[in-house]
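As you go down the protein sequences, you meet chains A and B in turn. Numbered according to the numbering used here, the first sequence spans residues 1 to 114. Numbered according to the numbering used here, the second sequence spans residues 1001 to 1114.
Since the hints were made in silico from the structure, they are not lab data. Be aware that a few hints might be false.
[Claimed, not checked] List of simulated lysine-lysine pairs, DSS-like, C-alpha gap at most 27 Å: (1) Lys1083(B) / Lys1062(B); (2) Lys1062(B) / Lys1078(B); (3) Lys49(A) / Lys1083(B); (4) Lys1011(B) / Lys71(A); (5) Lys61(A) / Lys113(A); (6) Lys69(A) / Lys1044(B); (7) Lys49(A) / Lys61(A); (8) Lys1083(B) / Lys1011(B); (9) Lys1071(B) / Lys1044(B).
Source: prediction; values computed, not measured.
Residue strings, one per chain:
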Amino acid sequence: AQSVSQHNHHVILSEAASLELGCNYSYGGTVNLFWYVQYPGQHLQLLLKYFSGDPLVKGIKGFEAEFIKSKFSFNLRKPSVQWSDTAEYFCAVNARNQGGKLIFGQGTELSVKP
Amino acid sequence: EAGVAQSPRYKIIEKRQSVAFWCNPISGHATLYWYQQILGQGPKLLIQFQNNGVVDDSQLPKDRFSAERLKGVDSTLKIQPAKLEDSAVYLCASSPDRGETEAFFGQGTRLTVV
């Protein structure tokens, strides 16, 4: 069965610090990969996605993620966080050609101190 | 473009009562999902519709949960009777098609069973 593991439950950073959130998945076939963000009081929004091609993908608000197939990883990065990045971040995968069902990690809560 | 609409936003019921949630997906989106998000966990798929047909309901507790998507547009999710462990946020999402597209999420309905 597919599963997604996010390494950190809660991360606290100061503004301008660099961010890396880990995500590993378990699935033997081809996958699509996503990072979703949920700002306080808002709905889940897509931050970035990887379907194929360049394994380094850039998303909104300066976020990027790198797909490393050999490590089954899709880590999220941002060189300098802002207070407005305070949110919960979810990594998700779906199996290619199997209908779009998303398997989510448990989420990482990011708190950025001004 | 209007997003995914859900109602109500909040609901408190006693155990053994019934409850229903409503979702209106983005216009033209063929695929509709219902996810359950328990506090501290990532969303988990309950049921997936393609137009008005069920694609995946393997994780739906069918003894108490039911869902329908009449005419391939709006959808309702019902719980009868509710249990304490059903307390969660119920998220509706839609996508243009299955697979290689992102899902767009609604604000969710927060259910508390007391």
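Here is how each hint holds up against the structure:
Taking the CA atoms of Lys1083(B) and Lys1062(B), the gap is near 14 Å; set against the 27 Å cutoff, the hint holds. In summary, the hint linking Lys1062(B) to Lys1078(B) is supported, as the alpha carbons are separated by about 10 Å, within the 27 Å threshold. Taking the CA atoms of Lys49(A) and Lys1083(B), the gap is near 36 Å; set against the 27 Å cutoff, the hint is violated. For the hint pairing Lys1011(B) with Lys71(A), the CA-to-CA distance comes to about 42 Å; that exceeds 27 Å, so the pair is violated.
For the hint pairing Lys61(A) with Lys113(A), the CA-to-CA distance comes to about 18 Å; that is within 27 Å, so the pair holds. Restraint check: the Cα-Cα separation between Lys69(A) and Lys1044(B) comes to about 24 Å, which is no more than 27 Å; the hinted pair holds. For the given pair, Lys49(A) sits about 14 Å from Lys61(A) by alpha-carbon distance, which is consistent with the 27 Å threshold. For the hint pairing Lys1083(B) with Lys1011(B), the CA-to-CA distance comes to about 14 Å; that is within 27 Å, so the pair holds.
A hinted pair counts as satisfied when its Cα atoms are at most 27 Å apart, and Lys1071(B) with Lys1044(B) qualifies at roughly 25 Å.
Of the numbered hints stated above, those contradicted by the structure are hints 3, 4, listed in ascending order.
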